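> Below, each chain spelled out in residue letters.
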Amino acid sequence: MITLTLKELPSVPLEAEVLSPDVTAGLSNDAIRALPVYLGKRQRRIDDFFDVDGSSSDQITIQGDAARVKWIGRAMTRGHIRITGNTGMHLGAYMSGGTIEVSGNGADWVGAEMSGGLIRIDGNAGGQIGAAYRGSSTGMRDGTILIGGSAGLEVGMRMKRGVIAIGGPVRDFAGLQMKGGTIILASGAELRTGAWMMRGTIISLRPLPLMPTFAYAATYLPDVLRIYAAYLRGLGFTLPFDQQQGAYQRYTGDTSVPGKGEILIWNPRGA
Amino acid sequence: MARELRGVEIVDTYAEAFDMRVSRVIITAATEGWARTAAVSMTGFATSVIGCKVEAGIEAMLPASDTPDGRPGASVLVFAFNAEGLGSRLVERVGQTVLTCATTACFDGLPDVSERVQVGGVLRHFGDKLQSSKFLDGRRYWRVPVMEGEFLVEESFGTQPAIGGGNLLILARDQSAALTAAEAAVAAMRQVRGIILPFPGGIVRAGSKVGAKRYKSMTASTNEAYCPTVRGRVGIASELPATVNSVLEIVIDGVDRAAMEEAMRVGLDAACRPDVVQITAGNYGGKLGTHLFRLHDLL
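Taken in order, these protein sequences are the chains called C and H.
Each residue of the first sequence is one higher than the one before, starting from 1 at the first, in our numbering.
Each residue of the second sequence is one higher than the one before, starting from 272 at the first, in our numbering.
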C-alpha cells in the first residue's frame with residue numbers, strides 16, 4: 001500500500017489527477033514523488049505537498065485534510081483509494097472501476113460522469129454528484145455512490161445508469177434531467193426533485209414536495225426494489241422493504257417533458 | 272463381467288448421453304407455494320426433447336436466503352439441443368407460465384456464463400412500451416406492468432453446455448418392485464444439485480428406441496427389447512432375463528458430468544432393492560452420444 005500524507009492544506013486548490021491507482025501502481029516511491037500536480041497554473045511535484053511512504057501497489061491511502069485537492073481518482077479503472085479526512089472537488093470523476101472511500105466530507109462533482117466502481121463518503125458532499133459536466137449530455141453511466149451525510153444541488157443531473165444513495169438531506173433539483181439510474185434519498189430533498197426527468201427512479205424514504213407535473217400511480221412494493229435492497233445491504237445501506245412496515249407511493253413524470261421516470265416515496269404503515 | 276450390489280446384478284454396460292445446452296431459471300414468489308406452482312407449470316410437457324422440443328424440471332426449491340430478491344423460490348433447469356432453440360422455449364414458457372403466475376419474478380441462474388439468450392428482452396414487449404428497465408451490478412431487469420402490479424424478469428439468461436439422456440434401467444420381478452425401486456432412486460437423485468429427472472415423477476415407463484421398424488415416419492418408438500409382454504414373439508430380441516416382468520427407466524439431464532455421475536451413483540445404489548433383478552442402461556453402441564457413463568464405474 002502507498003500512503004500519502006498531506007504536509008499542509010494548499011493555499012489554493014491543487015489539481016492532482018495523478019492520485020490514481022492506474023498511475024501509481026508499479027511506480028517506485030521516488031517516481032511517485034516526482035509526479036506532476038498543478039497548484040493554480042504552476043506545475044509542482046507530489047512531494048511538494050505529500051510525504052510518500054509504503055510500497056508499490058494499487059492501494060492508496062491519503063491522510064490529512066485534502067479538501068483543496070481536486071480530481072483524486074480521476075478516470076481510475078481499478079484499485080482502492082482510502083482518504084482519511086476530507087477531499088476536494090471532482091473526486092472519482094470519469095472513473096470506471098475500483099473503490100474510493102472517504103472518512104470525512106466530499107465536495108462538488110463527486111463521481112461526475114463515472115461509468116463504474118464505488119465511491120463511499122462517510123460525511124457530507126456538495127452538489128452535482130454523479131452529474132454531467134456543463135455542456136455534456138450524459139452524467140453518471142454506471143457505478144455506485146454512497147454519501148452518508150447531506151448533498152447539494154443537482155444530484156444525479158442527467159445520469160443514465162448507476163446508483164446514488166444519500167443518507168442526509170439533499171438540496172434542490174435532485175435527478176434534474178435524469179435519463180436513467182436510481183437515486184435514493186434517505187432523508188428526502190428540497191424543491192423540484194425530478195425536474196425534467198425522462199427516465200430513472202428516485203426513491204425517497206421521507207415525504208417530498210412534489211412538482212405538479214408528477215402524477216400519482218399506485219401504492220405498492222416494487223419487486224425490483226428487493227434487488228436494490230439486497231445490493232445496498234451489502235454496502236451497509238438499508239432500503240426498507242417489508243410489507244409489514246409500509247409501501248411505496250409511485251408517482252410518474254416529469255410529464256412536462258414528457259418523461260417516463262418515477263418517484264417512489266416510502267409510506268410507513270400507519271403514517 | 273456382471274457385478275452385484277445387494278443381490279442385484281449390475282450389468283457391465285454404459286448409459287450413452289448427448290451434448291445439450293442448459294439454462295437455469297430462478298423463479299421467486301410471495302410464498303414457496305406460488306413459486307412451486309409457477310415452476311411446475313413451466314416444466315410441464317417437457318419430458319423429452321424429441322416430442323416437447325425441450326426437457327425441463329425443478330432442480331431444487333430455494334429458501335429465501337438463496338434467491339436474488341430474498342423471497343422463496345424454485346430453481347428450474349431447461350435443456351435443449353442448441354442455444355437458439357433454448358432461447359425460444361424459454362420465452363414461450365416464461366411468458367406463458369411465469370409472467371402469468373401471481374406474485375412471481377424470474378431471474379437468471381447462470382449469471383456468470385458469457386453466452387446469453389434473450390428472455391426478458393423479448394417478454395418486455397408484453398408491456399406495450401409501458402415497460403421500464405433497471406440496470407444494476409451488470410444485470411438488466413425488465414419491469415413489465417401487469418394488472419397485479421409488475422412482473423420482474425431478467426433481460427438475458429446464461430446458457431452453457433450440458434449433458435442430456437443419462438439413464439438407468441431398473442429390471443424387476445414385478446411392477447410393484449420396479450416402482451418401489453424407481454421411487455427410491457428418484458428420491459435419492461433429487462438430492463443432487465445440477466440435475467433434473469424430466470419425466471413424470473422422475474420415472475419413464477415407455478423407454479424408446481430411435482425410429483421405428485414398422486412405421487417409417489416415426490422418430491421414436493417403443494423399446495421392445497425391454498418390453499416384457501412381447502418377449503418370445505418372432506423377431507423380438509428381448510434383453511430381459513426370464514424372471515423380469517416389469518422395467519422402469521430413469522432419465523437424467525445434468526449441467527455437467529460430475530453432477531450426472533453423482534446422480535446416477537446414488538440412484539443406482541438406492542434402486543438395489545428386493546425383487547430387483549438387474550440394473551442396466553440404454554445406449555446405442557456408443558455411436559450417437561459423446562458421453563458414456565459405465566455403471567461399474569459408479570459402484
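Hints may be right or wrong, so weigh each one.
[As the list claims (entries may be wrong)] Covered, in the sense of this in silico footprint (three residues per stretch, anywhere, with C-beta under 8 Å from a C-beta of chain C), are these stretches of chain H:
hint, region
1, 331-343
2, 483-497
[What the hints assert, rightly or not] Here are some, though not all, of the chain H residues that point toward chain C, as calculated from beta-carbon distances under 10 Å:
hint, residue
3, T299
4, F352
5, A354
6, T375
7, F378
8, E421
9, F422
Hints were generated in silico from the structure; no laboratory data involved.
Just so it is clear, the structure is predicted and the values come from calculations on it, not from any experiment.
In this text, a Cβ means the ideal position worked out from N, Cα and C, and glycines have one as well.
> All hints, please: hold or fail.
The hints, checked one at a time:
Check result for the region 331-343 of chain H against chain C: holds, 4 residues qualifying (beta carbon to beta carbon below 8 Å, three or more required). For a cut-off of 8 Å, the count of residues in the region 483-497 of chain H with a CB near a CB of chain C stands at 0, and the three-residue condition is violated. Interface restraint check for T299 (chain H): the shortest CB-CB distance to chain C comes to about 8 Å, inside 10 Å, so the restraint holds. Taking 10 Å as the C-beta cut-off, the interface hint given for F352 (chain H) is violated, the closest approach to chain C being about 32 Å.
At about 26 Å, the closest approach between the beta carbon of A354 (chain H) and any beta carbon in chain C exceeds 10 Å, and the interface hint on this residue is violated. Checking T375 (chain H) against chain C: minimum C-beta separation of about 9 Å stays under 10 Å; hint holds. With a cut of 10 Å, the hint placing F378 (chain H) at the interface with chain C holds, because the nearest CB-to-CB distance is about 9 Å. At about 6 Å, the closest approach between the beta carbon of E421 (chain H) and any beta carbon in chain C falls short of 10 Å, and the interface hint on this residue holds.
Hint status for F422 (chain H): holds, given a least beta-carbon distance of 8 Å to chain C, under 10 Å.
Checked against the numbered hints above, the structure violates hints 2, 4, 5; every other hint is satisfied.
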